[in-house]
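Protein chains: 2
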Amino acid sequence: MGNILLKGILAGTKIKDILIKGNTIEQIKDNILLSPEQEKDCKILDCSGKAAIPGFVNMHTHSAMTLTRGYKEDTALQEWLQHIWAVEAKMDEEAIYWGTRLACLEMIKTGTTCFYDQYWMPQTAMEAVKEMGMRSVHAFVALNLKDESKNRGIMEGMEQMYSQSRSWGEMHKMSVGVHAPYTVSDNLIKWCTDFAREKKLTVHIHMSETEQENLDSIKLNGCTPFEHLEKLDALGPETIAAHCVWLSENDMDIMAKYGVTAVHNVNSNLKLSSGSRFKYNELKERGVRVCLGTDGCGSSNNLDMREAMKTAALLQKGWRRDPLALPLNELLNIATANGADALGLDAGRIEEGKLADIAIIDIDNYAFVPNLDFLSNLVYSANSSCIESLICNGELIMEQRRVKGEREIIENARKVCNKLYK
Amino acid sequence: MGNILLKGILAGTKIKDILIKGNTIEQIKDNILLSPEQEKDCKILDCSGKAAIPGFVNMHTHSAMTLTRGYKEDTALQEWLQHIWAVEAKMDEEAIYWGTRLACLEMIKTGTTCFYDQYWMPQTAMEAVKEMGMRSVHAFVALNLKDESKNRGIMEGMEQMYSQSRSWGEMHKMSVGVHAPYTVSDNLIKWCTDFAREKKLTVHIHMSETEQENLDSIKLNGCTPFEHLEKLDALGPETIAAHCVWLSENDMDIMAKYGVTAVHNVNSNLKLSSGSRFKYNELKERGVRVCLGTDGCGSSNNLDMREAMKTAALLQKGWRRDPLALPLNELLNIATANGADALGLDAGRIEEGKLADIAIIDIDNYAFVPNLDFLSNLVYSANSSCIESLICNGELIMEQRRVKGEREIIENARKVCNKLYK
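Going down the list, the protein sequences come from chains L and Y. For the record, in the first sequence the residue sitting at position 289 is 293 according to the numbering used here, with numbers rising by one throughout. For the record, in the second sequence the residue sitting at position 187 is 191 according to the numbering used here, with numbers rising by one throughout.
Calculated directly from the structure, the hints in this document are not laboratory data. Note that the Cβ used here is the ideal one computed from N, Cα and C, for glycine as well. Hints may contain errors.
Said to hold, decoys possible - Taking CB as the label site, the calculated pair distances span:
| id | chain 1 | residue 1 | chain 2 | residue 2 | range |
| --- | --- | --- | --- | --- | --- |
| 1 | L | 237 | Y | 325 | 49 to 59 Å |
| 2 | L | 328 | Y | 90 | 15 to 25 Å |
| 3 | L | 215 | Y | 79 | 53 to 63 Å |
| 4 | Y | 160 | L | 368 | 36 to 46 Å |
| 5 | Y | 328 | L | 124 | 24 to 34 Å |
| 6 | Y | 124 | L | 406 | 22 to 32 Å |
| 7 | Y | 325 | L | 164 | 39 to 49 Å |
| 8 | Y | 135 | L | 31 | 44 to 54 Å |
| 9 | Y | 409 | L | 418 | 33 to 43 Å |
| 10 | Y | 90 | L | 425 | 48 to 58 Å |
Unchecked claim - Here are some chain L residues pointing at chain Y (derived, C-beta under 8 Å):
| id | residue |
| --- | --- |
| 11 | 31 |
| 12 | 77 |
| 13 | 227 |
| 14 | 421 |
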């Protein structure tokens, strides 16, 4: 692993040099001079007309669902789900592998360095991600549809995955996935929680995505999903809750009390009509960490975190009727630093000592003219083709929009889809 | 002007050849064979891995406001307006010229072939557009802030512009701009309406953009802005009303009765928190023509119609809580054919005999894998860098993402901004 020197790059509001040594941001200062000895081992990139931001951390996706992109658009939700499930039932390891690589290709092209995955065959998915040089966290999905006879198999699968994950290396982590309170029995939720706490893993769970699941929970349990999980002692700082679109005041108090992280999946929530009033301000005021995710391509069609930032901000401003809602600096944090924090990664910030996960943005184009406010242009004006190069863990995984293996991935993903949809 | 043959391009759901002769789509069929004589005068483009859609028609913008892109983000609306007006007051012809060319550059890069402009110095703006090879309609803005002493100057300006516009050629039209019912006196509205009807021009007007202007109208006139314009006999098929976010049932009945066109500016309405419940279904059911616009870069930061399609669809699905709202085929129409119809252009469709305004989309990339639904991928999955080439009036105005004069435009726009913001 050589070093990388980014010469003259806009970082925050100033132009600096950034020296990356190994997998870490070693130095950020005005003019870094290398000795001839240092230069030999260093890739020097002229970054005039470029800016650096932390690589995005996509905190909720089902990556291999790239293979279901655009399937059965404009059909009603229940009918659509039947179609999707039929395709998913046909996905084998080859499909998961190429579907995940396709997802990584897209995430790299749009500036993401790390993602939190919840999908089938996490070992295979992890191998696909490793090939691409990204970071990932893979939740093994516990989903028993309240049929306790399935628990033993799920528990064994979880334990086996845990053993396998010990050899994944530092770039990939395992997580405990609990699909949702309405699809997983209390016993299994409790076992998963204990397992995660014992092994010091995060728990990834879908929470209050639709109004219906809240109404059903109140009917069945006499309380909301968050209240129910509190009763089960299944909430803690390890809990990373996706969606959270339908939250009561008490739900948010509970989230704050236990240090739960919320993941906003704005495009998916809108496209599926799940809900459009994510309570960002109310969560922030309580000190609940909010992150951003794209969800899978089944529901949200792409994995573009920059675009998700824009939709998230527009929607907050829109539904709250407040043009000051979700300002730009907070927006970048929910897409980068907050996700890294939730996953326990020393990344998500362009600071000395942090992991070198950096997106290099081309600002020498129409979308950044005038460049009165770089972040505004990045979020509101540009599209994600402005992301020109990407560094993950100190390695250049995209350079000048070129990603290793791109043609092979596209061709193999097409082949896999031909089988799935024939 | 030579001819262009697009070989093997996805058009609709089938792969066809498209022959463009002069400024018109001459022929669309399976395999167009040219004689050696015809070939000499024809540019033949291999379009395998490409798709054709009509160029977008951006039905509401203030193009030279590119120069205010990202200025004073996250400040309250009234304070923000003060800042913007101070900059606009300093804009001279040079600023309008380069601001408009910058806008055209961005619109071309994102697939727009025609736009409806409402801004200062329309003659200068038109010259900038002509240089770029796009179509445009320029509304001369009547805005007297209810001070009747200004009417004479405005009327003279309108008449002078009309005389000038006689020599603009077929690619550029003049329109009558009435800023809004709350900023223009009834007398001037009536004069503008008569002038437009006499000269057979469209009228471009901001209508019911904010709830406040409706409340103010009810207080002042005892009725909504649309009801007020009806009383003035100022509505007709020539009326193209931007925004229309706050409409009563009666307002929509009136729009249908007089054949008014509505322009939805979704990103602007969200970002300024003007309103998030555009009544697409209710307008459609009444037969009101709905088009799409981006608004100016002051409020919506970019001029990307493809992106606007996505936000418009997501928002309809979100606020209506209906995943079937605003389906893909209707979405493409509001961004293309409906705009052309409203402006009286025989364009906006890939059909024989129509004007050759065509965007060529690169579908050989990750965003279109799998390609189960081209329109879904275009709208929901891709970003606008998929727009690879653009034909307007039979001329290639972007080829392989290259636009004539791009560097010059960026450099001059920057120079102009340095003066505006120094």
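Tested hints:
1. Range check, residue 237 of chain L to residue 325 of chain Y: about 34 Å between beta-carbon atoms, so the 49 to 59 Å window is missed.
2. For the hinted restraint 15 to 25 Å between residue 328 of chain L and residue 90 of chain Y, the CB-CB distance of approximately 20 Å keeps it satisfied.
3. At about 35 Å, the CB distance of residue 215 of chain L to residue 79 of chain Y disagrees with the hint of 53 to 63 Å.
4. Judged by the Cβ atoms, the range 36 to 46 Å given for residue 160 of chain Y and residue 368 of chain L holds: they are separated by roughly 43 Å.
5. With their beta carbons about 29 Å apart, residue 328 of chain Y and residue 124 of chain L fall inside the hinted range of 24 to 34 Å.
6. Restraint check, residue 124 of chain Y to residue 406 of chain L: a C-beta distance of roughly 43 Å breaks the suggested window 22 to 32 Å.
7. Separated by about 41 Å at the C-beta atoms, residue 325 of chain Y and residue 164 of chain L satisfy the suggested range of 39 to 49 Å.
8. Taking 44 to 54 Å as the suggested C-beta distance range, the pair residue 135 of chain Y and residue 31 of chain L conforms, at roughly 47 Å.
9. Remark: the range hint 33 to 43 Å for residue 409 of chain Y to residue 418 of chain L is upheld by a beta-carbon distance near 38 Å.
10. About 57 Å separates the C-beta atoms of residue 90 of chain Y and residue 425 of chain L, a value consistent with the hinted range of 48 to 58 Å.
11. Below 8 Å, beta-carbon pairs count as interface contacts, and residue 31 of chain L has none with chain Y, the closest being about 30 Å; its hint is therefore violated.
12. For residue 77 of chain L, the shortest C-beta to C-beta distance to chain Y is roughly 5 Å, which falls under 8 Å, so the interface hint holds.
13. A distance limit of 8 Å between C-beta atoms decides the matter here; for residue 227 of chain L the minimum to chain Y is near 24 Å, and the interface restraint is violated.
14. With its C-beta approaching chain Y no nearer than about 4 Å, residue 421 of chain L sits inside the 8 Å limit, and its interface hint holds.
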